[in-house]
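Q: Order-wise, the sequence lines are chains A and B. With the first letter of the first sequence counted as 1, position 135 gets the number 135 in our numbering; the numbers rise by one all the way through. With the first letter of the second sequence counted as 1, position 68 gets the number 276 in our numbering; the numbers rise by one all the way through.
What the hints contain is simulated information worked out from the structure, not anything from laboratory work. Everything numeric in this text was worked out from a predicted model, so none of it was measured. We treat Cβ as the ideally placed atom computed from N, Cα and C, and that holds for glycine. Among the hints, erroneous ones may be present.
What follows is a list of derived Cβ distance ranges for each label pair [unchecked claim]:
hint: 1; chain 1: B; residue 1: Pro407; chain 2: A; residue 2: Pro199; range: 36 to 46 Å
hint: 2; chain 1: B; residue 1: Asp378; chain 2: A; residue 2: Lys102; range: 18 to 28 Å
hint: 3; chain 1: A; residue 1: His3; chain 2: B; residue 2: Arg279; range: 26 to 36 Å
There are 2 protein chains.
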Amino acid sequence: MKHFSKEDISKMSSIYRLNMINSCTGYKSANLIGTKSKKGVTNLAVFNSVIHLGSNPPLIGFILRPRTVARHTYENLKDTGGFTINHIHYSQIEDAHHTSAKYQENTSEFDQTKLEEEYKIKIEVPFVKNSPVQLACSYVNEYHIEENDTLMIVGQIEHIFIQNEILEKDGWLQLEKGGIVAINGLEGYALPKHLDRFPYARPNLKQK
Amino acid sequence: MKHFSKEDISKMSSIYRLNMINSCTGYKSANLIGTKSKKGVTNLAVFNSVIHLGSNPPLIGFILRPRTVARHTYENLKDTGGFTINHIHYSQIEDAHHTSAKYQENTSEFDQTKLEEEYKIKIEVPFVKNSPVQLACSYVNEYHIEENDTLMIVGQIEHIFIQNEILEKDGWLQLEKGGIVAINGLEGYALPKHLDRFPYARPNLKQK
């Protein structure tokens, strides 16, 4: 195996280190977060840091760098209190990745890609049309990660929309049936194939 | 599409809600976190919440419920200041999942599964043998998520070990080449296949 120490990492070129550190913790969730500004301009940005925080209440978290392209997402969700999380279908990866380009705040990523806005019930922020799983969330709180000046946003799930074929009888979403991708590092996209699902693990009765 | 509102979610049975909310944010990283107690008992537990926080310094985060099976992981990493993160190979998923069973603190999950301890350089906490990517991390900080009494642990990467065939020339890890899995919900395991990797996204020169 190749070995890199903390000293080796500190001496890497910034691009080499960015590639390695972003991919060395494993596959990430692939989501498009949709928001709308007070002026009515929609925004869409790809995120690979959405995590599960708890089921009851249904809480999620994601990491934001307030000074990067994600700034519009942050400003909008603070202004309106809401955002959507949209899973990425394998046919959408090129456009999903393009939402990471730095556009001005009066430009909507929906106008710069083939991704289309979708509105449902009375929710004012846009969903991504044909996204296999769509969540509408409300802003709950934020935690400042002082070690590197990032924010963890905490959101509550208000509505879930799921393509029929993905939902199993016991509430579990079989994501492969939706053609949903995972992210490898910052800009690699992969399509997972289901291997197995295990029951709740209980201790062995006998020592091995 | 099927639609579930906040009210629908609150009325679900706890198992149905657990399954849905854990799987509705997309694929998660699949990692085994290794620690050792002050008494020298090793511990291994599967986590699906490890995220990237930053590259320079190289920081990661993960979510912990201090009152669950992850309690031993928490006590050990606080006591010793260190832990390892080990990617899960597809041949290891059944044993990896079994580490979520609730064992007493004097029992090592390494003794209850076929997973083997591996020690390298002068690191005292165990790695998982044959894990394709292994990180040694130091405890940096923790943030209490007051909404549901969870903790986000922040760790710094001290050492990275990578199987030779996974590492690309520019520092990116092509995780498919390591047979590394992703997690779908709490207990579904999937094997991703690489689709594409895109360059740094720049705005379109012309409006579409």
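Q: Now, for every hint given, state plainly whether the structure supports it.
A: Outcome of the hint check:
1. B/Pro407 / A/Pro199: 36 to 46 Å: holds, 43 Å
2. B/Asp378 / A/Lys102: 18 to 28 Å: Roughly 22 Å apart at Cβ, these two residues keep to the hinted range, so it holds.
3. A/His3 / B/Arg279: 26 to 36 Å: holds, 31 Å
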